[in-house]
Amino acid sequence: MKSLFVQLWLAFLTVMAMTLGSSLAVSYANALRRSSDVEQLSPALIAASAQQTLDQKGVDGITGWALDELHRQPEVQIYFVDSSGREMFNRRVHGVSIPAESGRQPPVVWAPDGTRYKVLVRRTHELVFDFWTILFRPWMLAGLILSISGFGCASLAWLMSQPVRELRRSVRAIARGNLETRLNDRLLARGDELGGLAGDIQQMTSDLQILVASRELLLRNVSHELRSPLTRLRLAADLAGRQGGDQGPALDRIGREIERIDAIIGQILYFSRSTRPDDLAHEMLDLSTLLAETVEDARIEADKNEIRFILESAKAIFVNADESRLRAAIENVLRNGIRHAPPGSGIVVRSELVDGIAKVQIVDEGDGTDGDPEWVFLPFRRGSGSDGAGLGLAITRRILELHGGTAAAQNWPGRGFCVELALPAASWSTVTPDPVTSRSESAEASQVSTVNAADT
Amino acid sequence: MMNRHPLAAGTRTDRSCILIVDDDVELGSMLVRLLKLEGLAAEFQSSSRDALHRHSQCPFDLLILDVMMPPPDGLEMLQQVRERGATPVLMLTARGDEDDRVRGLDLGADDYLAKPFGARELVARVKAILRRSPPTKTESEPLRLGSLSIEPSTMSAYLDGARIALTAAEFRVLDVLARSPGEIQSRDRLCRRALGRPLEAFDRSIDTHVSCIRRKLRLAQGAPMDIRSARGWGYMLVFAGGESG
Numbered sequence: 134m135k136s137l138f139v140q141l142w143l144a145f146l147t148v149m150a151m152t153l154g155s156s157l158a159v160s161y162a163n164a165l166r167r168s169s170d171v172e173q174l175s176p177a178l179i180a181a182s183a184q185q186t187l188d189q190k191g192v193d194g195i196t197g198w199a200l201d202e203l204h205r206q207p208e209v210q211i212y213f214v215d216s217s218g219r220e221m222f223n224r225r226v227h228g229v230s231i232p233a234e235s236g237r238q239p240p241v242v243w244a245p246d247g248t249r250y251k252v253l254v255r256r257t258h259e260l261v262f263d264f265w266t267i268l269f270r271p272w273m274l275a276g277l278i279l280s281i282s283g284f285g286c287a288s289l290a291w292l293m294s295q296p297v298r299e300l301r302r303s304v305r306a307i308a309r310g311n312l313e314t315r316l317n318d319r320l321l322a323r324g325d326e327l328g329g330l331a332g333d334i335q336q337m338t339s340d341l342q343i344l345v346a347s348r349e350l351l352l353r354n355v356s357h358e359l360r361s362p363l364t365r366l367r368l369a370a371d372l373a374g375r376q377g378g379d380q381g382p383a384l385d386r387i388g389r390e391i392e393r394i395d396a397i398i399g400q401i402l403y404f405s406r407s408t409r410p411d412d413l414a415h416e417m418l419d420l421s422t423l424l425a426e427t428v429e430d431a432r433i434e435a436d437k438n439e440i441r442f443i444l445e446s447a448k449a450i451f452v453n454a455d456e457s458r459l460r461a462a463i464e465n466v467l468r469n470g471i472r473h474a475p476p477g478s479g480i481v482v483r484s485e486l487v488d489g490i491a492k493v494q495i496v497d498e499g500d501g502t503d504g505d506p507e508w509v510f511l512p513f514r515r516g517s518g519s520d521g522a523g524l525g526l527a528i529t530r531r532i533l534e535l536h537g538g539t540a541a542a543q544n545w546p547g548r549g550f551c552v553e554l555a556l557p558a559a560s561w562s563t564v565t566p567d568p569v570t571s572r573s574e575s576a577e578a579s580q581v582s583t584v585n586a587a588d589t
Numbered sequence: 182m183m184n185r186h187p188l189a190a191g192t193r194t195d196r197s198c199i200l201i202v203d204d205d206v207e208l209g210s211m212l213v214r215l216l217k218l219e220g221l222a223a224e225f226q227s228s229s230r231d232a233l234h235r236h237s238q239c240p241f242d243l244l245i246l247d248v249m250m251p252p253p254d255g256l257e258m259l260q261q262v263r264e265r266g267a268t269p270v271l272m273l274t275a276r277g278d279e280d281d282r283v284r285g286l287d288l289g290a291d292d293y294l295a296k297p298f299g300a301r302e303l304v305a306r307v308k309a310i311l312r313r314s315p316p317t318k319t320e321s322e323p324l325r326l327g328s329l330s331i332e333p334s335t336m337s338a339y340l341d342g343a344r345i346a347l348t349a350a351e352f353r354v355l356d357v358l359a360r361s362p363g364e365i366q367s368r369d370r371l372c373r374r375a376l377g378r379p380l381e382a383f384d385r386s387i388d389t390h391v392s393c394i395r396r397k398l399r400l401a402q403g404a405p406m407d408i409r410s411a412r413g414w415g416y417m418l419v420f421a422g423g424e425s426g
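Chains as they are written, first to last, in this note's numbering: chain Y, 134 to 589; chain D, 182 to 426.
If you are wondering where the hints come from, they were derived from the structure by calculation, not from laboratory data.
Fair warning: there could be bad hints in the mix.
[To be verified] Restraint ranges, calculated between C-beta atoms of paired labels, are given here: (1) Y:Ala346 with D:His234: 31 to 37 Å; (2) Y:Ile433 with D:His234: 38 to 44 Å; (3) D:Pro379 with Y:Asp379: 27 to 33 Å; (4) D:Glu381 with Y:Ser347: 33 to 39 Å; (5) Y:Gly504 with D:Arg312: 51 to 57 Å; (6) D:Arg312 with Y:Glu313: 45 to 51 Å; (7) D:Ser330 with Y:Asn354: 46 to 52 Å; (8) Y:Glu439 with D:Pro379: 16 to 22 Å.
[What the hints assert, rightly or not] These stretches of chain D come out as covered by chain Y in the derived footprint (C-beta under 8 Å, 3 or more residues): (9) 198-209; (10) 214-224.
We treat Cβ as the ideally placed atom computed from N, Cα and C, and that holds for glycine.
Next comes chain Y alone, as it looks inside the complex (with noise of 0.2 Å):
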C-alpha cells in the first residue's frame, strides 16, 4: 500500500529534481551557445576595440577591458605580445589561435609609448561549463541536492500526512464498532479542511451512537412487546387443548406456528445483537471440545429426524475466540443440517488444523441448494422447510467475519452439502501438542467416535 506519505515525498522529489534538471539544461544550453559564438569571434574588431581602449586610458585601462571581455566570453583569452615575445602582463601564451580572417595579416596594437603589440585571440579552453568543473564530480552536487531535498521533502510530507494518520487510527476504531472513540483535541482544533473533517466524523459518530443505541432498545422492546402476546396465546392455545373436544390438530397447529414467529423474533433479535463487533470476548478455548459439545447438544433434535452424526475430531486445536457466539455459529450450521438432510442418514462433522487456521466442515448428505451455494449466507433468504427467518447461517458468516475468518459452502454433487468454517488458531496451538485442560478427554479426543445418544 502506498502511503500518503511516500506519494507526497514523491512529488516533492520529483518536482526537485525536475527544478535541477531544468536548471543544468539551461546553464548547458548558455555555455553551448557562447562556445558556438568563440567561432564568429573577429580577432581584427577586437584589436580596434582594444587600441581604442589603449588610446582612451592607456595600459591600465586595458586590464579592465580584458576582464569585461573574459566575462563575455569566458572560453577565450586575449593576449597582447611585443616583438620580442613579451607578453605586456606576462602571462604565458596558450591554447588555440583563433584564426584572423583570410588573407589579413593577425592585428596589432599600438600602446601609447609607440610599443607594437601583436594580438593574439586563444581559446583557452574547449568549452567552459563552471558549475560542472568546480565540482568536479557531478555526482557529489547531485547527491547533495537529492539528499537536502530528500529529508526537507520527507519531513514536509511527514508533517503534511500526520494529522491524516491520526484521523485514520480514529476511524479505525470506530468502524470496529468502537462509538465511544474521541477524536484528538489537536485534530478537533485545526482550522484547515483537516480539522473540518474530524469534526464531522466526530459528529457522525455520536449520531451514530445514539442510532444505535436507540435501535438497540427498539428490537429489544418490539421483541419483548411480540413475546408477551405470543406467550399469552401459546398459554391459551394449550388451555384450550386441555378442554378437550376435536381441536386437537389445529391447536398443535398453532403451538407449531407460535414456535416459528418466536424463532423468527429470535433470530432477528440475535442477528443485530450477537453481530457487532464490540463485546466480544476473546478466551482461549478447544475448537475441538466446543464442537463435540455443540453435537451433544444438537443430538436430541437430530434423533427427532433420525439423523446421526459422525464426529471426525482432531486433536485439540486452540482458538482465541468467544465461545457463545462462535457455538451458536456451529449450532446454527447444525441445525441446517439437520432441516436438510433426509431422515436416516448421517451428518460428517470433523475439524482439523491446516497451516494455522482452524477449520470445520460439516457436511450432510442433503440435495445442497440448486444454484450458488453463497446463497445460503445471505439474510433473509430461506431454503425449503426452512423455518425461521434465514438467518441462521449469516449469523454463522457474520460471526466467523468478526473472528477474522470465513464460512464457505459447497456442493458435493452425490455427496451433499459442505459448510466449511475457518478461523485463524491461536499461535501456540501448533506448537503445543496437546495441552490437557480440565475440559477435554485428550484420549477420547483424538478417536473418531460416533457418540450414542443412548442414556448410560
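Please arrange chain D on chain Y, whose structure you already have, making use of the hints.
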C-alpha cells in the same frame, strides 16, 4: 409422598404456595388458572416490590420470576430472595437471551424457561422443582470424599471443613457427581437426576451449574479434585486423594 407435600391440593387453603411475578397481568392470571388445573395453588403479583414484600411476610414454596420487569427486575429480585434463603426459583427468560439465562443460573435460580413456553413445559418444570424440594432424605446418606463432605439433609457441602454456598441445583449436581467419582455421568442423566427433567436440545443449564461449582470449589485443572468434561457428553468428578485415603 404427595400427602406429605405441602403443595398437594387442599392441604394448604390459608395461602398460595407458588408466587408468580410478571408485569404481564393477563399472562399471570392464565398461569394461575393453569396451575390450579394441575392442582397447584398459585398467587400472582405484577409488581416485583409487592411480591418481595409478600414473600418476606410469608415465604412461598416456589417463585416464578420474569427476568424482564420494571426494576427491580427478575435478576435483582432473585438476588434479594437468595439473600434470605433457598426458596426455589424458576426464571422466565426471553429466548435468545442466553446472558440473562446464565446470569440467572449463576445467581442461584433453580431452572429457567424461555418465553413463549407451553403449558406442559411449565407444569413439568414446576413439578420437577417441587419434587426435589424439600430434599428427600431417602436415598442420600452423608458423604465424605477426602476434603469434601456432603450433607444431603441440610443440602450443604463442606470443603476442608468450610461450608460452600451452593444453590440447590448446584448441590444436587455435585451430589450426583460425588456419588460415583471417576465415572462419567452423561449430561442427560445429570439433568434428570439433579434437575428432575430430561435434557433439551441446545440446553446448557447443566454446564452452567458445573462451571459455577468449579468456581465455588476453586477447582483448577491439575488439582487432585476436579470436575472433568467428556467433550460435551458428560461430566465426572476426579478425585486423586480419595482413592489413596
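Structure-based check of all given hints:
A hinted range of 31 to 37 Å holds for the C-beta pair Ala346 (chain Y) and His234 (chain D), which are about 34 Å apart. Between Ile433 (chain Y) and His234 (chain D) the Cβ separation comes to about 41 Å, which falls inside the hinted range of 38 to 44 Å. Roughly 30 Å separates the CB atoms of Pro379 (chain D) and Asp379 (chain Y), a value that falls within the hinted 27 to 33 Å. The supplied range of 33 to 39 Å is met by Glu381 (chain D) and Ser347 (chain Y), whose beta-carbon atoms lie about 35 Å from each other.
In this structure the hint that Gly504 (chain Y) and Arg312 (chain D) lie 51 to 57 Å apart at CB holds, the actual value being about 54 Å. Distance hint for Arg312 (chain D) and Glu313 (chain Y): a CB-CB separation of about 49 Å, consistent with the stated range 45 to 51 Å. Between Ser330 (chain D) and Asn354 (chain Y) the C-beta distance comes to about 49 Å, which sits within the given range of 46 to 52 Å. The beta-carbon spacing between Glu439 (chain Y) and Pro379 (chain D), approximately 19 Å, falls within the hinted interval of 16 to 22 Å.
Counting residues of the stretch 198-209 of chain D whose CB lies closer than 8 Å to any CB of chain Y gives 3, so the stated coverage by that chain holds, three being the minimum. Counting residues of the stretch 214-224 of chain D whose CB lies closer than 8 Å to any CB of chain Y gives 3, which reaches the minimum of 3, so the coverage claim holds.
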